[in-house]
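Asks: Using the sequences and the hints, build the whole thing.
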Amino acid sequence: GNSVTQMEGPVTLSEEAFLTINCTYTATGYPSLFWYVQYPGEGLQLLLKATKADDKGSNKGFEATYRKETTSFHLEKGSVQVSDSAVYFCALGWGDYKLSFGAGTTVTVRA
Amino acid sequence: KAGVTQTPRYLIKTRGQQVTLSCSPISGHRSVSWYQQTPGQGLQFLFEYFSETQRNKGNFPGRFSGRQFSNSRSEMNVSTLELGDSALYLCASSLPETPQVWEQYFGPGTRLTVT
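Line order of the protein sequences matches chains A and B. Each number in the working numbering comes from the position in the first sequence (counting from 1) with 34 added on. Each step along the second sequence adds one to the number in the working numbering, with nothing skipped, and position 106 is 91.
Hints are computed from structural coordinates only; laboratory data are not their basis. Hints should not be assumed to be uniformly reliable.
Computed Cβ-Cβ distance ranges for the label pairs, DEER-style [to be verified]:
hint : chain 1 : residue 1 : chain 2 : residue 2 : range
1    : A       : 76        : B       : 82        : 25 to 35 Å
2    : A       : 86        : B       : 42        : 25 to 35 Å
3    : B       : 42        : A       : 103       : 25 to 35 Å
4    : B       : 41        : A       : 74        : 28 to 38 Å
Quick list of in silico lysine-lysine cross-link-like pairs, DSBU-like style, CA-CA up to 35 Å [to be verified]:
hint : chain 1 : residue 1 : chain 2 : residue 2
5    : A       : 86        : B       : 42
6    : B       : -2        : A       : 111
7    : A       : 102       : A       : 86
Every residue, glycine too, gets a C-beta built ideally from N, C-alpha and C.
Replies: Right, here's the structure in full:
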């Protein structure tokens, strides 16, 4: 079945550091891929998406490229801020009507 | 546009009771999905509804049920509550066709505590 594997956290960074969160997927076809972010006490917010190979999703300084050859969708941000502290989830949609989520990566950015 | 709304935001129930959670989707979104989030199991899919029909169901016992109304609003019900049902229940809405059905927008969740 469909599945997503995310790098284990937690990740602690200093402000202005470079952030990468690895995400790889398994799917039988050509899934749509997403990154969601969850701030404390809130629901999930859609951060960015990509629906076909080589698409690059971007939003709020975050980027991720859909790499079919490596079945990956790594999240990157060049200079993080304290306000980026949150839990990040990689997700895929394919075949049925649900999203399959990774385990989530907790990111803490220190001033 | 208003986002996905969920009521209530917090609930405390005792074992054996039942509970109903409500979700109003974004205007124009006719697909509604429900997920359970716990620290141990992460985000798990419960079910998805479109046009008042359940199209997909996750691996949960029959105590978990849901429905969708003609205005696309949805409810989920958990009967005979167990301690392990304590979780954040998230509702998401989207357009119903693939691939848009996977671009889901989430509400703030209902935090259910079972004592």
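Asks: Does each hint hold? Answer for all of them.
Replies: Each hint tested on the structure:
1. 76(A) to 82(B): 25 to 35 Å: holds, 28 Å
2. 86(A) to 42(B): 25 to 35 Å: Since the Cβ atoms of residue 86(A) and residue 42(B) sit about 28 Å apart, the hinted range of 25 to 35 Å holds.
3. 42(B) to 103(A): 25 to 35 Å: holds, 34 Å
4. 41(B) to 74(A): 28 to 38 Å: holds, 30 Å
5. 86(A) to 42(B): With a Cα-Cα distance of about 26 Å, the restraint between residue 86(A) and residue 42(B) holds, given a limit of 35 Å.
6. -2(B) to 111(A): Between residue -2(B) and residue 111(A) the Cα gap is close to 42 Å, so the pair fails against 35 Å, i.e. violated.
7. 102(A) to 86(A): Status holds; Cα separation ~8 Å.
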